[in-house]
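Chemist: The lines below spell out each chain.
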Amino acid sequence: MSSPVEPAPERGTGRLRLAVYKFSSCDGCQLALLNAGQALLTLSELVEWVWFAEAGIEGDDREVDVAFVEGSVSTPAERERIRRIRQRTRLLVAMGACATSGGLQALRRLGRVEDWTAAVYARPQYIQSLHRAHPLADEVEVDLELWGCPVDTAQMLAAVRSLLSGVLPVHSPDAVCLECKRRQGVCVMVTRGEPCMGPLTHTGCGALCPRFGRGCYGCYGPVDHANTDAVARRFAAMGLLPEQIRDGFLGIHNQAPAFAAAADAAGEHGGETPG
Amino acid sequence: MSDADSRRIRIRVPALTRVEGEGALELDLRAGRIESLRLRIYEPPRYFEKFLEGRQARELPDLVARICGICPVAYQMTAVHGVERLFGCDPGPRVRRLRRLLYCGEWIESHALHIHLLAAPDFLGVTSVAELARVAPDETRRGLALQQLGNRIIEVLGGRSVHPVGVILGGFGHAPDPGAMTALAAELETAAEQARELVAWCAGLPLPEDAQDFVTVALRHPAEYPMNEGRICSSSGLDLDPTGFTEHVEEFQVPHSTALHALLDGRPYLVGPLARLNLNLDRLHPEARAALEATGLPWPSRNMFHSIVARAVEIHQAVLEARELVLEDCARTGNGEADGVYRQWRPRAGVAVWATEAPRGVLWHRYELDGHGRVVTARIVPPTAQNQARIEEDLRTSLTAFGLDREPAELRQRAETVIRNYDPCISCATHFLRLDLERDGERIRVLAGARAPGGG
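Protein chains in written order, with the numbering used here: chain D, 23 to 297; chain G, 7 to 462.
The hints are simulated quantities; they were obtained by calculation from the structure and are not laboratory data.
Check before you lean on any hint, since a few could be wrong.
What the hints assert, rightly or not - Computed, partial: chain D to chain G, Cβ under 8 Å:
1) 56
2) 80
3) 96
4) 206
5) 213
6) 269
Glycine included, each C-beta is placed from N, C-alpha and C at the ideal position.
Could you put the whole structure together from the sequences, leaning on the hints where they help?
Modeler: See the structure below:
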């Protein structure tokens, strides 16, 4: 796509119509915009907001050029709502971990639902919860994914700036580990024996955890071709128990296929399978 | 007025704006009386308490942070303090200082966001911060600068302001960068004056007069304005260790909310900045006290619309405290006296209970841990859930005082303004829905799903 998004020509205002929608989430990714300070005000001069409830913009069902959607789809009503939003949106952006992989709350899929389903069904008005917390892409076509828990202001503004210029944002394929080396970080795995997900995780945070003296825990999701087996073996050699290795993968992006499979593999070795 | 006598008004606000998370207001008036009034919270629960079971205690700060993007520090602080007490781990004076500084950062950021992006537009006849910037450009700029400063404090100690990574069980992974701390000290100097001006500005807003009778609950600390530690106290004379909280607070489910309501000894109660300030006036920094007195507002206040002033006073308090904490840390580091920022711990089986003051009020955690430091059960009582019953009570009282014969648009605006006084954080409030059932003599905790119409 050379020009993925531009204002619909028939409107002729030259301003992109933006919207921010919230699904099942902690609200933290919207803060990338709400915390942007002066930049939020500047942006508001450049675009037309259609929906951004937390910022006081309560719009209508007009067509949207770019919709930023935070959160996972975890109820039947949310499923209907994301479909309606998709229908009137030209470019749909999944914003943050919950929208891209389901987020931490996707751990609900490991819950022992059978223990409580019967009781819940005794109160049918309360059971409208899906068994899984779904990433948006499970439900609708997603044009762009911004990974991260949370996405940060610089990342959001860079994405918005690119979209305003009619191009898709540049996406770095690098791992946290590589970023850490570039920043001349001291390896916490080598020097402190701290388990670190840096070799497996997309950068985007600026290799924050190792720079703060601790191992990465995977906020930006798995890199392509993540070698989870090798890292799990390394964790085992460092003395981690199988359940600890498994829980390391059952973090923010527990439902991302590479991490979910690695968690299953670690669980099998430990004789305790999640779910 | 025969018209008014027979008038039926249905007010539906399907998606409340300028609140954090998803809620709705449903108000039915008939013949000049409130027929039904519901703050409907339909944000889906995310089952945190359930999936924390089986996790290692050391994972808690990163996991519970995700309950709320606006007050992740509050969740981290409550969890680590509770677990460290159970483990007999005292990370020492420097960690205590830096954690208080971190909490100051979150209060400043969260309160500045609420005042400028969410609440002040109500009192100035605008609907968003972009419009606020047109009618009050200097004040908006000052407010956003304070918000940014709060964020920067969190970034210095935790790398990023949302879901910061600095706090670990036992302390911090890393001491803060001395250069960054020195830079903060200079910024805080400027901010102290900005915060003082903010207090005067908020007190001068056209806030409605609406004194009400309500019970307030907040932490009290022997010497400090409460943040990370203290006893749970109330205006009705309660004075409890956090372990005794649930003997007085009953949580229960109502059909129209995915967040549990709470009553204190059978009555709705208020937590948050107004409650905190009312109960802790004697713990204010002298400069913050002086700035509040200079406003001429009588305090303690029974007027919920003064919440915005209470937030400003707490920003002032947090800036003044942060300045002292940063200067002390810089001085000690400069003299080579700085203590470590981490203390080793060993897991111990037992129950960890703690309460801290989140920006929106008392946040209470309870974790039952096994001998390996694994979570057996978790229970979290967040501030907005506690405030729900009080919000509904307030809406009834304040709308009646406002005049139920007013136009629906006016009633709606007033109702939304009342709700925003509480700065409800619905994302926080809803992740804990439980039903406790007895089955075959065994107590089973049931996590129930949500009803959810969509806003968009």
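Chemist: Take the hints in turn and mark each one as holding or not.
Modeler: Here is what the structure says about each hint:
no.: 1; hint: 56; in the structure: holds (6 Å)
no.: 2; hint: 80; in the structure: holds (5 Å)
no.: 3; hint: 96; in the structure: holds (5 Å)
no.: 4; hint: 206; in the structure: violated (15 Å)
no.: 5; hint: 213; in the structure: violated (13 Å)
no.: 6; hint: 269; in the structure: holds (6 Å)
Checked against the numbered hints listed earlier, the structure breaks hints 4, 5; every other hint is satisfied.
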